[in-house]
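Colleague: Residue numbers (my numbering), protein chains in the order written: chain V, 1 to 525; chain W, 526 to 770.
In case anyone wonders, no lab produced these hints; they're calculated from the structure.
Be aware that a few hints might be false.
Claimed, not checked - Subject to a maximum C-alpha distance of 27 Å in a straight line, what follows is the list of computed DSS-like cross-link-like pairs (lysine-lysine):
| # | chain 1 | residue 1 | chain 2 | residue 2 |
| --- | --- | --- | --- | --- |
| 1 | W | 541 | V | 477 |
| 2 | W | 652 | W | 628 |
| 3 | V | 477 | W | 652 |
| 4 | V | 397 | V | 442 |
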Amino acid sequence: MELRIDAGIVADARRLATAIAAPVSAFIAAHSTVAVERSVLRLLGVDGVCADEAPVPNRVLERLGPERLRGGAARAIGALTAETGRTPDDVASALAEGTLAAGLADGVPEAAARGALAGYVRRAVARIDGRREERAGLLARLPQFEPPLLYVIVASGNIFEDRVAAVAAAEAGAQIVAVIRSTGQSLLDYVPYGATTEGFGGTYATQENFRIMREALDAVSERLGRYVMLTNYASGLCMPEIATMAALERLDMLLNDSMYGILFRDINMKRTFVDQHFSRMLSARAGIVINTGEDNYLTTADAVEQAPAVLASQFINEAFARAAGMPDAQIGLGDAYEIDPGLEDGFLFALAQAQLARQCFPDAPLKYMPPTKHMTGDVFTGHVIDAMFNLASVTTKQTIHLCGMMTEAIHTPFLGDRALSLENARYVMNTARHLGDEIEFKRDGIVERRAQQVLRDAHALLERVSTSGLMAAIERKTFADVRRSPDGGRGVEGVFARDASYWNPFEDELRGALAGAVPEAARLS
Amino acid sequence: MSNFVRPYGDTRDDGKVQLSFTLPVEWSESADEAARRLVATMGFTDVAVAEGRRIASGFSFFVVYASTPVAVDLDGIAAAATKAHAMSLAEIDAFVRERVGRKIRIAGACIGTDAHTVGIDAILNMKGYRGDYGLERYREFETFNLGSQVAVEELARFTRDEGIDAVLASQVVTQKGSDVANFTALSELLEAEGIRERVLLIAGGPRMTNLLAAELGYDAGFGRGTLPSDVAAFVARRMADRAGA
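Chain W on its own, in the form it takes in the complex (with noise of 0.2 Å):
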């Protein structure tokens, strides 16, 4: 079985996309032609610079609409899995004080040199994010924000000194690849610690990716977009798998 789509436009198989970029030229209608052409080697038909204009010195910018002759075949996708399942705060409560039996102990931290707390602020604290109560909300969970620039050292002493069950390291800084190193680095004392094994290892950010995150060595990987009861619920399972194993 295969299912192949592709963009869509107005009319099914059209293939229309659009984009936009700088080019390092100074704007003339050379320059549109250069837009044109780099955007047909790029693959796509129907390729038409909507847009071309000078932005500064030595600077164009573009908007370009083009069409794809390619497709994607929606079969054969694994989707990631962290996040199916939702369940109510008022549920993942009950599901923790059935299945696990006990508090779970949660420390979340913004990981390296990040001082970005948003995200992992919307995960853990009190008001949550987009309405869904955050972490510190449930009754079942003990949690604790490290807040930012936390040395991954740092935080693997405190997973061990305080029993934590569950870790969440976020990072949303990714130029020249700092958050992989650090991510790495903390798993790496983790398992020094002999205590790898023990916690939940998590990992947040805006590019992350469960994908990403198991690479990593991580046990899950949240990313743009996710709710603290997203969190919340795999946290719960995964406790309750441990719990009944």
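Next up, chain V with everything else stripped away, as it sits in the complex (with noise of 0.2 Å):
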């Protein structure tokens, strides 16, 4: 089933994508952010709260203060570490505490205070393979269904209610559950501790919060025969912090968009591009699979105008993962099925859109999202238009499907709505497991006349923002109608110039790696 377009419009939006990344990527070297270096003490081991709640990694980077983390927050520890023989966590949490001056190592040359840290970098990258490598012995061992891999949200607020709707789930048929996050987490400066029983809209992601969920979810996982993925939100302003967590507890896929902080949550661009960058980095070398956000341009705007803004927003995002090493196999570039029920032949240009997606990226883990926008109070309505997603979604060979819940417009999935959704979702996909592979599209049809029409439209949009350069392009409501400064914003103030002495080893080391060999794809597709 395939759509017969230009290879060439392809190959040139690819390199189009590449060449809007490339003066991003520039800046991005330049620059470090507070979450970034929140990171980096977490890699080193640096967790807990004060006594007063707040985050030992967010109290330590006010005691560097600004002039000292200029050279990396690994710089001032290690030289901390060196001087005083204790460990980076220790030293970091006297520093928080206030027992110790953050200038006493002011003077401890380079070389001993890289060298003082050494050995915890070196073990802090090897317990994130040895969680990918945990992960590749799971997957040989307890294979998943066949994809397109289904995929359920739970958002209790409350992680061990979470815990039962997971397992529950799982039994039904899902092979993936996400945890929603708490509304507003994402504009929290700072990553709550500890297991959380309360949130709004959904359940905070601290990294207690994971493990709990990873725990539940390994022990079903043996009991099914099959590994069930574990999916949290690298997204708002501590993305790098969540993608160490997520590396250190095993989760298997993360939400992780470059532009979609900056468009939808007015997220300062210059702290999103670079914190973006340090999480893919990560998430490349946990073996973790991120998801991106293509679907908010259309629940905010009419599904069929915005086709073209999806796909150039998927080769950008291709371009800024490749950037930070993820092979193709890690990139779950994402669509959804927005399109208003009235249009007549809307289906085909899902189909159009799906397919062509299919194509552009044909080794990426596609994720495809269900309907949401047209979602009504009418629960029955409701469920057939997602019988229509799930049609168009195992016709099209998607990887990642996260299932359409008939009650979306009411409340967050009960858990009777979860088993309803699966079970659609199976019949679907098993009644039409082939249809992909048997039929064709008519030339110059409508799906085929479609799906270049897109195409050309991205191609297009694509030469206006190179033309431009992204952060400009954005500034001129190019992405999703909305118009943002690349100074405006919220976490501005956590960007920050690295000065000559700027040292972040994983950085360092990730690198290293990435340049060497590409690491194994996580077994999806």
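Quick one: dock chain against chain with the hints and give me the complex.
Modeller: Here it is in structure tokens:
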């Protein structure tokens, strides 16, 4: 079931996206953020909260102060570790408590500071690699059902209720469980700590919550004889910290988009670009599949009109992910089935878009999102629309399939809603399993012409963006009809220029590894 | 006068309803019986468990048909009146020109930590919703969409500084009453600024009703299925009333 599309345009769109990402990559290389530095601390074993509930990594950054931070948190902690002979974790706690002065080790030479952390850096990377190997072993022993991998969300606000929901969903056929975050967490410039039982519209992402859910899913995986994946959100102001915790707790996927926070959360673009880069380097190493957020273009504007923006964004997300060392098998580019159900041939347009993405990104584990915008309180009609979405997904061989809920417009899913949704998807995907292999699109028919048009328009959009530059394009309302300025938005105060002595040992380590062999792909397709 | 109705299955007054629910029990025939008794205890008669099955260990799902013996009196139900007397875009613009005599300044935002802008965007964005143009399209409205996760303090400040006539506060998330708290806080802040009387304060969201909005001290509430022109007509009429007063 191949669409006849111009491979030359696809190749040129990819070239343009790479050119769009390149100047941003130069900016990224010269800057860091508080979230990146807190991630470095966490990787060095710094964790916990102070008496006033402030996370230790946040407090340590305050103690180090902006000037010292330009050299990187590792530079300063390494110096203190060398000077005191204590562990980085100890040093950080003492700094946070105020029993150790940050200036104590300012005279320690660079080589000594770096040398003092060498073992800790190696151990952290080995721990991430260990988690990755653990996953590979589990997937080999407990193979998943074939894609589309059925993905559901849990969102009670209470991690212990979420755990019940996740296990029940796995039994009903879910292969991926995402714990939706509490609304507003994306705007917190710190990661909450410990197990949490209260959230709004979701459950806080904390390392302990990750661990609790991973443990429950591992147990049900063994019982069912198939590995159930866990997902969370590396988005908002703490992208790289969430990626760090996810790597350490063996999450399998992370929602992570190079532009989503800028456009839809008004997070500063420089902050987002720097943060997404380090979070993707970590995800690359950890074998985590990222899910990008192109569905958001469709939920906020008309799906038919926005189709080229989705494809253009997919190319840009791919370029940024590759620049961070991610292999295509870990780049879960997003799309959504959001076309107005009243539109004649809307299903054909959805097929065109989904198949177009399949052909433009043949090795990517595409993430297909369900209808949300046109779902209403009529759960019966909603269930039918979800069935059509399921059909589009299996026909075009999407990899990651977020199951639509018939109660989408009413409440966060009930346990029974999830079971019905999974039954719907399993029925449709089983009964139409090889439909995509059996049919061909009519030459120059509605589907093919639509795909060709979207491809041409996406290419034209990328051309415009590459001419103006990505930051200027965002400033000119090129994406999602939203205008953002390079120095506006949330979290801009957390971005800083690196000085000549800057050191991020993990960046060096990850880049070094990535320059060598590309890690084996996550077993997804 | 009274005018009683019952649910309609296939015969007038048969009272047929359909229910579906999950019980936290392993499925068995006695689970079906538990479901039947539960629905009977609710006051229904002719209870038939059409479907009962296991959906996970320790959870069963049921579809039940039953009859209700009760009826509802249609008379004496006061309808929420915000959406009555619809006008078209052109009619509203003409009405504002004639009766208000200046552009109406409207600010909209998703308040608190809510990031779900679908509803407010459908009302404000030029494109609108279901073929009904959004408020940005009206010549006689000056519209400001402040976007998502707007603190109520920020919305109140904007309203004061920009001389806003009508405030549209939207919130979708309803877990644990966060919406009610934010809506109330906004109303109180405008009160504290001394501008509550000057502005039209309107609440929106899928669960919002005009009754709830009135309880919260708002001038109107718009829920599920609201078209931009419903809101536009309401704002235009109220502004005209004020201009004429």
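Colleague: All hints, please: hold or fail.
Modeller: Evaluation of the provided hints:
1. 541/W to 477/V: Violated. Residue 541/W to residue 477/V sits at ~53 Å, over the 27 Å cutoff.
2. 652/W to 628/W: 20 Å, holds
3. 477/V to 652/W: 16 Å, holds
4. 397/V to 442/V: 19 Å, holds
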